[in-house]
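Undergrad: This is what each chain is made of:
Protein chains: 2
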Amino acid sequence: MGNLTERGITDMTTAIDNGVNVQALLDAREVLKGAPEAAQFTWRASSKWQNGVHSSVTVQNFFGLGAEQNHRSESVFDADHPEIFAATDNGITPIEYLLVGLAACLTAGVASVAQNRGIQLRSVEATLEGAHDIRGILGADSDVRNGFSDITVTFNIDADASKEDIEALVAQSQKRSAVFDALTNPTNVTVRVA
Amino acid sequence: MGNLTERGITDMTTAIDNGVNVQALLDAREVLKGAPEAAQFTWRASSKWQNGVHSSVTVQNFFGLGAEQNHRSESVFDADHPEIFAATDNGITPIEYLLVGLAACLTAGVASVAQNRGIQLRSVEATLEGAHDIRGILGADSDVRNGFSDITVTFNIDADASKEDIEALVAQSQKRSAVFDALTNPTNVTVRVA
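So the sequence lines, in the order shown, correspond to chains A and B. For the first sequence, the numbering used here gives the first residue as 1, with consecutive numbering after it. For the second sequence, the numbering used here gives the first residue as 1001, with consecutive numbering after it.
Hint data in this document are derived by calculation from the structure and do not stem from the laboratory. It should be emphasised that the depicted structure is a prediction, and the values quoted were computed from it without experimental measurement. Hints should not be assumed to be uniformly reliable.
[What the hints assert, rightly or not] As a list, the in silico DSSO-like pairs of lysine-lysine whose alpha-carbon atoms are at most 27 angstroms apart:
#, chain 1, residue 1, chain 2, residue 2
1, A, K163, B, K1048
2, A, K175, B, K1175
3, B, K1175, A, K48
4, B, K1033, A, K48
5, A, K163, A, K175
6, A, K175, A, K33
Just chain A, with the same shape it has in the complex (with noise of 0.2 angstroms):
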């Protein structure tokens, strides 16, 4: 996309507001052009072990624009299984993170593509399923995966937009989205013990 023809859009739709900032972000991706060590990230999490199968995960800062950067407030989750798997269920599974995860991103996505292309949300609702077969976990069948055989998103979302138009967005949201990439990529993962 040509940046006149964003800056463009966006100058004609100061009237309709979703909260997102979109100067800002066309702003970061041009100073970021020339400066990709700016746009180096690293997110960061750290567990402790409760019992059992529960254990608890704190994020507060992390690494980007060349600094040490903090979130305004630590966040603890708890994470266990359900009490069908014999566990105490004191949060929930950790591949419901993910769904967690995804569900946030891809309504970021539409919020920001809405407001650069002029369209005034009113609500973005989403509901995921994530099918698992679990015989790959409990090694019940070694051509069982691990993980979600798929997963399904679906948008419900009042705008004032056509169809079409959101539609577009959705996709949109989908093409530069982080967790959705994630999912439907590998990346290489590396454990280790200190």
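Given chain A, work out where chain B should sit, using these hints.
TA: Below, chain B alone, put in the same frame as chain A:
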């Protein structure tokens, strides 16, 4: 692994207790080998856009063992972007939720495998780092992917076991991890508008 060997190891090690009911999991494995339809789970999440790139995601019910199931309580998670992205930072970023899930999944695996192998754990901590070049999501360089470039997980484990046995625990956890698989291998994700 032969079941007799697994059972034998379990029986030998009743004195150790990591809080994981390994016998229930081994029994589930045997039952589900003959009842693959009961092993088909559907995990669910539903999200609501709040404003800007802030959304809230709710997790409560799921399907498995042939019936609708519920977590003991509903969990709600906020996701947002940080202030350096001109956003309100009302929660961690969507992509950080992937690290939360990965930490918790590998930790649950370490506890389960340790229980099965008769290894008493005292503490299991992990730090995770996800490298992310944000030029992808900003559309600044079409050669840069949207998701993580790579992820590193570093475990610190205090247990009644040798370094080699601890490394083997972590390796086996990786081998059976739902989230490790979901991040290192592609999953089909369908996104649609209702």
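Undergrad: Could you check the structure against the hints above and give me the numbers of any it violates, in ascending order?
TA: Structure breaks hints 2 and 4.
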